[in-house]
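Work out the full structure, taking the sequences as your base and the hints as a guide.
Protein chains in written order, with the UniProt record's numbering: chain A, 1 to 402; chain B, 1 to 402.
Everything labelled a hint here was simulated from the structure, so no lab data went into it.
Everything hinted at is true.
Since the list gives no way to pick out one identical chain from another, each pair is judged satisfied if it fits inside one copy or across any two copies.
DSS-like, lysine-lysine: derived pairs with alpha carbons at most 30 Å apart: (1) Lys63 x Lys87; (2) Lys63 x Lys53; (3) Lys87 x Lys53; (4) Lys32 x Lys191; (5) Lys285 x Lys302; (6) Lys53 x Lys24; (7) Lys221 x Lys241; (8) Lys286 x Lys87.
Next come the chains, spelled out residue by residue.
There are 2 protein chains.
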Amino acid sequence: MSLIVQKFGGTSVANAERVMNVAKIVTDTFAKGNDVVVVVSAQGDFTDVLVDKQMEINPRASKREQDMLLAAGEQISIALLAMAIEKLGYHATSLLGWQAGFQTSSAHTNARIKRVDPSRIRAAIDRHNIVIVAGFQGLSRFGDVTTLGRGGSDTSAVAIAAAMHADLCQIYTDVEGVFTADPRKVPNARKLDEISYDEMLELATLGAQVLNNRSVEMAKKYNIELEVLSSLTHAPGTIVKERTKAMEKMLISGVAKDTEIARVSVTGVPNIPGIAFKMFSRLSKKDINVDIILQSIGHDGKKDISFTVAKNRGQDAVDALKDYMTDHGADEILLDTNVAKISIVGAGMESHAGVATKMFEALYDAQINIHMISTSEIKISVLINADDADKAVKAIHDKFFD
Amino acid sequence: MSLIVQKFGGTSVANAERVMNVAKIVTDTFAKGNDVVVVVSAQGDFTDVLVDKQMEINPRASKREQDMLLAAGEQISIALLAMAIEKLGYHATSLLGWQAGFQTSSAHTNARIKRVDPSRIRAAIDRHNIVIVAGFQGLSRFGDVTTLGRGGSDTSAVAIAAAMHADLCQIYTDVEGVFTADPRKVPNARKLDEISYDEMLELATLGAQVLNNRSVEMAKKYNIELEVLSSLTHAPGTIVKERTKAMEKMLISGVAKDTEIARVSVTGVPNIPGIAFKMFSRLSKKDINVDIILQSIGHDGKKDISFTVAKNRGQDAVDALKDYMTDHGADEILLDTNVAKISIVGAGMESHAGVATKMFEALYDAQINIHMISTSEIKISVLINADDADKAVKAIHDKFFD
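Shown next as structure tokens:
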């Protein structure tokens with residue numbers, strides 16, 4: 001007998017029929033002799049309905065009240081799923097975040113899980129109940145309802161799996177697993193059977209929005225085996241776990257695209273010590289995260305510094321550096337939002353030479369110009385024009401997988 | 001400085017505009033130097049939306065899960081009202097039933113309030129916050145979310161007023177107060193300035209659905225002054241309080257109609273001791289509440305017994321008595337659902353003779369036949385044909401108030 005945590009996102013419980021479908025998956029797992037804890041998100045677009053209600057009344061409402069409002073969404077889902085499970089003849093107990101023992105920081109709308117006390121979950125399991133937990137929410141030490149921010153339900157599921165030493169944590173979604181590229185764009189993209197935590201982290205960061213990063217980090221920390229799979233097909237998904245020898249035989253595990261970025265270039269910066277530090281400290285003061293950084297080789301006592309930021313922070317970055325220009329005498333600041341970052345990720349990269357060369361060759365063959373390059377142990381990223389993004393993904397994918 | 005509890009029903013917070021209207025009333029009260037605790041119900045027909053969601057999935061879901069589902073409705077309302085109050089520049093704190101200290105029995109969907117611990121409410125008031133509490137809900141000793149059943153938000157408001165020794169508990173609704181008759185049916189019905197708890201209890205029981213009975217009983221027990229008033233007009237409403245001399249000058253305070261009843265008649269019952277007891281014990285075993293009872297004067301060793309029950313229990317009552325007929329030898333059981341109970345209520349009745357005569361005269365003038373009569377210290381009820389109900393109310397009202 002195993003303890004399995006299953007997480008279902010909003011689309012999986014969007015209407016009565018889908019809720020019944022989830023109840024079927026859950027009870028099938030239970031009927032095989034497993035203990036089951038289910039984590040669900042709010043139904044379909046219900047969170048948007050609630051946000052619309054807020055916007056009509058007060059777009060600048062306090063974050064505490066935003067959390068109070070949004071947490072109602074999962075409350076509805078867990079009750080409906082419990083009812084659907086009862087309908088199939090099983091005992092079910094729904095628990096809100098605070099009832100399930102989720103203690104969080106008090107950073108409303110983006111709280112961090114501090115501790116999960118699963119005693120109520122365990123007590124319900126001991127009474128042979130299937131337990132349904134509201135994802136995305138918890139309670140601060142002040143007794144206020146909090147939410148975990150984007151992808152919070154994934155994190156809730158992994159946190160329960162960690163606290164209860166679950167044997168498996170299944171993340172049900174609307175795709176069949178993790179693919180070597182976006183299957184909507186690259187027809188011959190393949191589903192991976194396995195992927196390591198590190199590769200998954202790189203892919204998540206790079207815009208393959210299958211799993212939330214915080215949840216993968218937590219799974220890695222507590223060594224929880226994840227499975228990403230579809231709630232609609234009954235096919236096995238992709239297992240995310242510690243790197244194995246078998247994985248290293250594959251050169252790369254995926255090609256990812258991120259178009260939500262912008263490039264900022266500051267030209268004619270004086271080539272003196274500390275000049276880059278001063279630039280990036282101004283950005284971090286404004287909470288602007290910088291990704292790829294490129295610095296030109298200086299000549300005539302001047303150099304150019306380029307970096308990428310999230311697209312929606314592009315203008316903020318330019319504004320934050322206006323005084324810098326005046327203070328330190330740069331020539332100009334350029335903002336380019338029409339760029340895309342294409343990355344390949346693979347645990348095998350470390351031990352195989354020529355991966356970068358193969359990627360650049362693919363881009364050259366497709367006549368795509370590279371603006372910036374960045375590498376890590378298991379990742380190579382290039383910055384190109386946004387218009388070339390899909391073509392680039394396909395070209396690289398074909399090069400490695402055909 | 002006073003402590004005022006204000007309760008707003010679902011229609012008062014049905015949309016963004018109405019929520020802002022309620023926020024205006026609340027903040028006006030606060031700005032006059034009062035501490036304010038607000039109790040709200042779920043928005044408009046949102047409870048129906050949730051019930052529909054349940055019905056699609058499992059009409060026979062457990063009551064625990066029904067409570068979990070329904071409690072989400074008030075959670076949305078309190079957050080939205082808090083946001084609206086913030087929008088007007090005031091500090092607001094919304095609290096769920098359990099956060100506001102509502103400890104209830106574990107009778108899901110119809111829980112009783114056992115205790116209110118208002119320490120969190122008081123702490124928020126001390127921080128100069130307007131506190132918004134989710135009505136209708138609490139927490140059982142097992143830590144499960146409960147709901148209080150019909151009219152539960154009124155009871156929530158009075159319970160807070162009692163626990164905090166509030167100076168006034170205002171129940172905002174869609175009518176301007178308590179009227180001498182239904183103003184939609186009787187154009188010259190008058191709004192009462194004051195009414196006693198006992199009269200209000202009789203009127204509530206009799207179908208003038210302004211205030212929930214449990215809330216009036218609790219207000220009487222803890223001597224909480226209630227005001228029933230409209231959230232749309234700014235007119236003073238009706239004060240419900242201990243009986244005063246002034247009230248007794250008025251002969252009657254209202255005429256009420258109840259068409260949700262049925263009459264059951266059992267004819268030819270043997271006229272021997274214990275025969276009525278045996279009849280009504282069978283009904284109480286089935287949880288059927290009997291209201292008016294009429295027993296004919298026996299002759300030839302036989303008598304007839306008639307009684308009224310809620311319309312939706314009429315057939316149950318007949319079924320419960322089928323064996324009784326066989327066991328004790330009655331002639332037949334008749335069920336009449338086409339009846340109405342018309343009642344007059346008045347604290348002055350006790351000290352004024354001729355009230356009943358005046359009522360019967362009004363019905364005689366209108367040529368309305370009386371089937372049954374029932375009286376208490378401050379109430380006289382008659383059973384008539386349902387078709388005559390509105391005519392009867394008008395005739396009696398005209399007789400007493402014109």
